[in-house]
Amino acid sequence: MEGSFNQLLTSSNVLFLLLGAMYVFSMHAGFAFLEVGSVRKKSQVNALVKILTDWGFTTIMYFLIGYPIAYGISFLVPASDLLGSDQGFSLVHFFFLLTFAACIPAIISGGIAERAKYWPNVVAGIIFAALVYPFFESLVWGQNNAVLGTADGWLGSIAGNIAFHDYAGSVVVHSIGGWIALPAIIILGPRLKRYTSTIKVSNIPFLALGSWLLCIGWFGFNVMSAQDINGISGLVALNSLLAMVGGTLAALIVSKNDATFIHNGALAGLIAVCAGSDVMHPIGALVVGAVAAVIFVKLFHIETEILKIDDVLGVWPLHGVVGTWGGIACGIFGQEALGGIGGVSFLGQLIGSVIALVYAAVCGFVVYYALKKTVGIRLSEHDELRGADLAIHSIEAYPEEAL
Amino acid sequence: MEGSFNQLLTSSNVLFLLLGAMYVFSMHAGFAFLEVGSVRKKSQVNALVKILTDWGFTTIMYFLIGYPIAYGISFLVPASDLLGSDQGFSLVHFFFLLTFAACIPAIISGGIAERAKYWPNVVAGIIFAALVYPFFESLVWGQNNAVLGTADGWLGSIAGNIAFHDYAGSVVVHSIGGWIALPAIIILGPRLKRYTSTIKVSNIPFLALGSWLLCIGWFGFNVMSAQDINGISGLVALNSLLAMVGGTLAALIVSKNDATFIHNGALAGLIAVCAGSDVMHPIGALVVGAVAAVIFVKLFHIETEILKIDDVLGVWPLHGVVGTWGGIACGIFGQEALGGIGGVSFLGQLIGSVIALVYAAVCGFVVYYALKKTVGIRLSEHDELRGADLAIHSIEAYPEEAL
Amino acid sequence: MEGSFNQLLTSSNVLFLLLGAMYVFSMHAGFAFLEVGSVRKKSQVNALVKILTDWGFTTIMYFLIGYPIAYGISFLVPASDLLGSDQGFSLVHFFFLLTFAACIPAIISGGIAERAKYWPNVVAGIIFAALVYPFFESLVWGQNNAVLGTADGWLGSIAGNIAFHDYAGSVVVHSIGGWIALPAIIILGPRLKRYTSTIKVSNIPFLALGSWLLCIGWFGFNVMSAQDINGISGLVALNSLLAMVGGTLAALIVSKNDATFIHNGALAGLIAVCAGSDVMHPIGALVVGAVAAVIFVKLFHIETEILKIDDVLGVWPLHGVVGTWGGIACGIFGQEALGGIGGVSFLGQLIGSVIALVYAAVCGFVVYYALKKTVGIRLSEHDELRGADLAIHSIEAYPEEAL
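So the protein sequences, as listed, match chains A, B and C. Position in the first sequence (first residue = 1) + 120 = this note's numbering. Position in the second sequence (first residue = 1) + 120 = this note's numbering. Position in the third sequence (first residue = 1) + 120 = this note's numbering.
Just so you know, the hints here were simulated from the structure itself, not pulled from any lab data. This one's a predicted model, so the numbers in the text were calculated from it and none came from an experiment. Careful: at least some of the hints might be erroneous.
The list treats identical chains as interchangeable, and a pair is accepted whether it falls inside one copy or across any two copies.
Stated by the list, open to error - Straight-line C-alpha distance at most 20 Å; calculated EDC-like pairs for lysine to aspartate or glutamate:
{"id": "1", "residue 1": "313", "residue 2": "521"}
{"id": "2", "residue 1": "376", "residue 2": "516"}
{"id": "3", "residue 1": "161", "residue 2": "348"}
{"id": "4", "residue 1": "313", "residue 2": "520"}
{"id": "5", "residue 1": "493", "residue 2": "456"}
{"id": "6", "residue 1": "161", "residue 2": "520"}
{"id": "7", "residue 1": "320", "residue 2": "423"}
{"id": "8", "residue 1": "320", "residue 2": "516"}
{"id": "9", "residue 1": "161", "residue 2": "516"}
{"id": "10", "residue 1": "376", "residue 2": "503"}
{"id": "11", "residue 1": "492", "residue 2": "348"}
{"id": "12", "residue 1": "161", "residue 2": "521"}
{"id": "13", "residue 1": "376", "residue 2": "504"}
Generate the whole structure from the sequences, applying the supplied hints.
If you want it as structure tokens, here you go:
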């Protein structure tokens, strides 16, 4: 009986984490369509190919190098050992965390869209998936979590013996991705004619489809971050929901009913809630999500129109800054005084979030600057004008129409 | 050991209902794309925004007012109390039932498409989500279920001590939504030039995508209506499948291979099967679904061409009348004599279904008539001709193309 | 306590297999959009209708005839007996295996696209779903598994008492579908002007959407093939992932960054891994997937350009030949010497895979040849030039635009 029970518990855990991995995998289709809808028609194919092949490269690098760096486990043993006595739980653990790692190139992709060379960016993605992301991951969730992720570790000793808390990756995933993207976008420079003519997004339905796929999968992203079925929490689900709603409605109001901001506002809310989704009150999550959308809408305007940084999908304000906000907000709205569960430190959240953004921005700068100075990262003027689809993939998004 | 078992049981229940909520949440993307494909290009963005923001407003109203009305539970307590000793099961219960409540504005949206003002309709949606829907819900599934939902209650005393049975909402959700929509559509009036020129749907692939998303998620809608993993029933899944197939193939034949009817026929079958999916035989479900599609195809023609009621997506025949048919059909095909499980009453189903449609039609009339007489519910002629997208959202569905 | 445990185990099994069925059901939306994107605009509606209605016909035939042939179980008993004491597990078992059976017409559909009559092809699909597929299924997984599927059966006596192994259907599903399609495509003949003018695919985003839906659902296809939650295997999930990635990246390189091949390459990897996903090492799966994509890219060129067989979606190389490769590869990379789990026979895999392809090709030839000689299977020249959408469904994919 006890044996049967333990077997069912193990099986349920494998299923739980596998479902999480599948949901977050499906979010990558969301990244793809969000970008397809947000770029011009001549770059839609490139968006699709980048997301799918970055997924492929990330899988291999994270399997061979990144996951071992983060968790100290290697998979280069016979299949029977991989399966082990827990029905291959460690393999779905890898799969789940891979889906997070693969967000890094997917986030960057939206910022550098329409004018980046294909292969140099593959190289950048490989470096992030194999080294940059896993190393930071190890500090919070992995084998080096004594630095940031445990109460009696380095940060804990500063923050009242409270560890840096990032339940589902506002900071570890989204801010790292968004802050890597910022220097990449600046180094790459704006699209040709971006500030001398009018460039518009191509397809709101595809953009919306991308947003929906991301929103749906996000409940797997956040809830399955428990990584153990007995850690499942209805609070995480509800906070995710209310932050998404807060982001949607705040974007509706602040943007004066602009469809692109509304669909991205839902994402802003979800990005901000990841870190503290297990400790905030739903009303707190609503506020955190609403603030996130306001940050996104306002900062996207400042970034792209005033600072003239051509961040096509707004990934720096959306994932970078809102991710940082999520890390900090966890230290505010997670407090018992605000209806939260408690056990979080404002100072700890602030320090951890700032370390992450500095680390990411520096790494992003070094990698893209080095690539620019060696192989070059930007399409030729001629290729950019033809469009990434024809230049890189020798095909248009609607080939019959183009005949 | 018993403690461990109970914990796994609780966790499995939370996961079960969360998956249901996620599936029905994904159906809202289906509502969005079904409408995108069925309206003209100049109203596609409006379709997308309505579904997403109605979801947001419904979430907040149902959280604060609607769910407490239906179930007598409030969430305005600290997060630790929300999480409770059952891992936040009550929160996923809310989430699951929210996904049902949010079907009301999503259904109405398809009927009033292309000419309704944005904010007045938000107000209507808020009233339905906060008051109208939850009150009826309470009579069947909630704290006032002694009226319709219990064998020894008011209706039961009439129907041979058999309660009104609506397993997954043919009546509570779909007929309420569809019968609210009917007066709204009539009060609003047909689109300009609807009956003096030719208006066609814009995009069959998006319409089909919407239908697929709805069909896939529907298995969560019906199966997870058990609300408890130990209530899971393969019969509910199979009946859903066969009703969908019955609807698809009947629409194929009756409509002479018309793609829009075929994709909506699948939905007709699914709407009709909700109520009795747990008590019918699969062959009965096939018949119920086939009849549903015939009702939809024929009545949509009568409604829109003969009665000249411009119900854009046919939500009154589809959700309203077919929902009512589903309530009644449960009392027929659920009988043991027809291979069903039994325990249902034809009279009880008939009375319950009729009460619902009268209640919904009256409430829909009152709300939309009041809004029309106060703030107005219809776009100006000029705005309607420009299209809801430009008039309300200042953007087209394909902005680059429109340049 | 033991009763409670057994109930949860049963419920978990029903849920597990239902989730699998839902995932594979969602793959049919993937088949639909893969075809929508790959055909010309004038055949998009036909693609959508074929997939949805073939699903409907297959459901009924497999329910009444096919499943009983394969597993010796009939469902023509009262609903209470269907529900039984296991919460209707047998019904979700049917649902899950139906989703496999329905792949047969979905695969064929992509090969014969744009010029086949509607109803004759429905008849063909009915024959495959009711008889041809279930009979072969019975030899491997069903009531006649003593022929191929058990160690001490007919094939086992040849292959060292090792049964033919096909965990999730590289051979039983994909190669059967693909090898039925080959004679159908040849008998039907190429599209008009296929080899005298330029014909191009219509929509890469829809093609990519189809591929994503297939890839996501595939984890249900493979993992839930355990058919029992306690059989869940993280190794199956990881092998599926790595084969998909191997296929994606090999197609990227071999096709020189062609978006259509890259998105189909992912599918090639997934088709090849089904058979041995439970016994191979992830590195082996990566190789198997990469080889699959190379086979697909090269053979598609030979088939369609050199042999002038107008296989629109390349279903013979993709599902047929790569499916066969998957059956054989299981006998290679499943060996312990290559890091696999062992217990598979190269000879057994080879024989089983060859029997399947011969059986499928012969059945496909007989059915389509008979239909051609009786009712005819091809649209008139006039109808083909107008397009299948207008000719069969009296509607275009974008009716407003066509006004």
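Status of each hint after checking the structure:
no., hint, in the structure
1, 313 <-> 521, "between (25 Å within a copy, 17 Å between copies)"
2, 376 <-> 516, "between (34 Å within a copy, 15 Å between copies)"
3, 161 <-> 348, "neither (43 Å within a copy, 46 Å between copies)"
4, 313 <-> 520, "between (28 Å within a copy, 15 Å between copies)"
5, 493 <-> 456, "neither (51 Å within a copy, 47 Å between copies)"
6, 161 <-> 520, "both (14 Å within a copy, 8 Å between copies)"
7, 320 <-> 423, "within (17 Å within a copy, 40 Å between copies)"
8, 320 <-> 516, "both (18 Å within a copy, 10 Å between copies)"
9, 161 <-> 516, "both (8 Å within a copy, 15 Å between copies)"
10, 376 <-> 503, "between (36 Å within a copy, 17 Å between copies)"
11, 492 <-> 348, "neither (43 Å within a copy, 52 Å between copies)"
12, 161 <-> 521, "both (12 Å within a copy, 9 Å between copies)"
13, 376 <-> 504, "between (33 Å within a copy, 19 Å between copies)"
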